[in-house]
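Asker: Sequence:
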Amino acid sequence: MDAILQHPLAIARFLHGLSQRDLAEGIRQAARRRDRMAGTTKQQVSVWERGRVPDAWYQRLIADVFGVDLDHVTALGWPYWLPGNEAPQPLDAGATVVALREAHRRAMLNRRSIFGLAPVALVTLAQQWATLDAAPPAKTLTGTSVDPDFVDWLERSVPHLTGMATADRERAVPLLNSFYETVVGLLDNACYDEKTGTRLYALASSLGQTIGWYRFDHEDHRSAGHYWAASLDASRRAGDTDRGAGILADISYQSIWLGQAGLAVNILDLALRRAQDPTARSLLHLRRARALAMGGDARACRRALDAAEHALDTARTPPPAWCSWYSTADIAVDSGRCLIDLGETGPALAQITQGVADLPGARDKTRSVFLAYEAEALLRQGEIDHSAASAHEALVLAKKIGASRCIRQISDFAPGFEAHRQVQGVQQLLNAVRAA
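Numbering-wise (the numbering used here), the sequence shown opens with residue 1 and increments by one.
No lab work stands behind these hints, which were simulated from the structure alone. Owing to the predicted nature of the structure, the values given are computational and were not obtained by experimental measurement. Any given hint might turn out to be false.
What the hints assert, rightly or not - Cross-link-like lysine to aspartate or glutamate pairs, in silico, EDC-like; alpha carbons within 16 Å at most: (1) Lys400 / Asp22; (2) Lys195 / Glu155; (3) Lys42 / Asp22; (4) Lys139 / Glu194.
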């Protein structure tokens, strides 16, 4: 289905043409250059690539092998300093098109990483977005002029792609990539005035945001981060503040998914500084509540949930297209997820069940995630058969839409069923998880 998920150390080895045995030998040589000994073996490298963090001494030796400056190691932390995990372009670098092209180039390498971008790099992007002025595109004088009618056609066509249900979007990925390449190519090579450039940057931001979600759903966390970072830059060039806030919400959601609650809170606090649309602000507050619940801050979480409900209640105009799907069903289920994280499983189940029932039928991916929440809550409540049924339904949906992160979500709590194999539906679920 997808390339195997790789640890950044394995990707760095690949980029340098090193096997695990080669890297171990390089580390031993680096130690000898310092009149020290290191007993690093291929097996030790394998342990690091399975998630154990090498201590500061070994990180220094690994950096020596890869030629990475120690200041970089200290600033970014493990494993974000490793080669192949470069930080995105700063928003004030004036290199939006370069960032858009580079995000696409990286994705085409098909090296999925279990880690996203460096937290310090993401916070820096959010800080820049919250403080820098908009940067409208300058008029370009070289290249073939862009036909306004063609831009009109792109603006009519792109929403059909970015607004597709997840299952349909899976089939349309080549089209998404083609439209993205076309728009970025126009930005890079065509002649256009400021108004047309603004429209093209808005299209690039929308397409990049959507492709970022596709990459995220397939656990290509690093590529998703680069698409979102480039799309954030493009939204700033287009002057679309609310879309920029929405992209920061996407980055924060990924951070929550990867267990980085503190990072998500920091990003969302910055996003809320500029977001204006009530529906967009509601979504930001809801994401913030999720992150606060993960961190165990019950009081702040409830304040954020109240703020999410209040903001949605005050919405009087249609929301931006990128959050037009958002509704009270999302608030209900995510409130339940917050309660699970805070240890209040009983009330959580009622909220999640309500939200799942209210969810529109076209949102299969969201339904899969929500049903997985429901299954986890039921499992904690001891309602094993009901939990197995919800988990199995979630798994079927996740497989249907090809979202490997949703499959992993279910497989992560599936071991909790092992002691209940005799309960109806459990063995069927466990077999399905193993086959997924």
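Asker: Of the numbered hints stated earlier in the document, which are not met by this structure?
Answerer: 1
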